[in-house]
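Numbering-wise (the numbering used here), the sequence shown opens with residue 1 and increments by one.
Simulated from the structure, these hints should not be mistaken for lab results. Quantities reported herein were computed from a predicted structural model and do not represent experimental measurements. Treat the hints with care, as some may be off.
[Unchecked claim] Here are the simulated distance ranges between beta carbons:
hint, residue 1, residue 2, range
1, Glu159, Arg65, 32 to 38 Å
2, His174, Asp67, 26 to 32 Å
3, Thr172, Arg140, 23 to 29 Å
4, Leu176, Asn108, 16 to 22 Å
5, Glu105, Gly166, 29 to 35 Å
6, Ala175, Arg68, 37 to 43 Å
Every residue, glycine too, gets a C-beta built ideally from N, C-alpha and C.
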Amino acid sequence: MGAEQALGRGAGPGGGADARDSSGGAHRAARRLRAGPARGDRVAADAETSSPAASRGRTCLAASRGDRPVGYGWISSRMDPDLEFYPLPLPEDAVYLWDLYVIPEERNRGVGSALMSARLQHARGAGFRRAWRVVDAGSRPVLRILQRSAGGGARIAGEVALLKVGRRRWATFHALEASRPVALE
1 MGAEQALGRG
11 AGPGGGADAR
21 DSSGGAHRAA
31 RRLRAGPARG
41 DRVAADAETS
51 SPAASRGRTC
61 LAASRGDRPV
71 GYGWISSRMD
81 PDLEFYPLPL
91 PEDAVYLWDL
101 YVIPEERNRG
111 VGSALMSARL
121 QHARGAGFRR
131 AWRVVDAGSR
141 PVLRILQRSA
151 GGGARIAGEV
161 ALLKVGRRRW
171 ATFHALEASR
181 PVALE
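Given only the sequences and the hints, what does the whole structure look like? Please build it.
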């Protein structure tokens, strides 16, 4: 589902994790986290020049515990179908928050919430009023983070239909006429 929330309130990162905007290096940490320890250094070495998201002006926020990266999340102020994939009709006053990832051993320790709060603060500081995300309506952890970070201000903006055939993917967005609040079911 496509979820939207207003950016009216501030919320600080929690759980003891530090989430920072380090667009120049956060995507390197992101690549290391996704690639795993065996391939991390090799992938990180060329991430500065090879990351399409970073080279096209997207912002990556990384979370760390001490010096160790433990998660990341991306922010886009525009939608390019070849990069963000979902065909969302992003309003001018909204950002798209995507690819939130936390390493398995740090899950349920506040890192996802800290990253979510940091991304919302970053967007608010850049003058945006709303944030859009694509979330799995059946994922209770994702819905919990959405509820907490939105402070009751989240609503379902529409539904995304996804079709995968082999390696090819197609997506469509269907806006909902009546807004309904996001709730845990």
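Hint check results:
As the Cβ distance of Glu159 to Arg65 is approximately 36 Å, the hint placing it in 32 to 38 Å holds. For the hinted restraint 26 to 32 Å between His174 and Asp67, the CB-CB distance of approximately 44 Å leaves it violated. Restraint check, Thr172 to Arg140: a C-beta distance of roughly 26 Å satisfies the suggested window 23 to 29 Å. Separated by about 31 Å at the C-beta atoms, Leu176 and Asn108 break the suggested range of 16 to 22 Å.
With their beta carbons about 33 Å apart, Glu105 and Gly166 fall inside the hinted range of 29 to 35 Å. Remark: the range hint 37 to 43 Å for Ala175 to Arg68 is upheld by a beta-carbon distance near 41 Å.
Of the numbered hints given earlier, the model fails hints 2, 4; all others are met.
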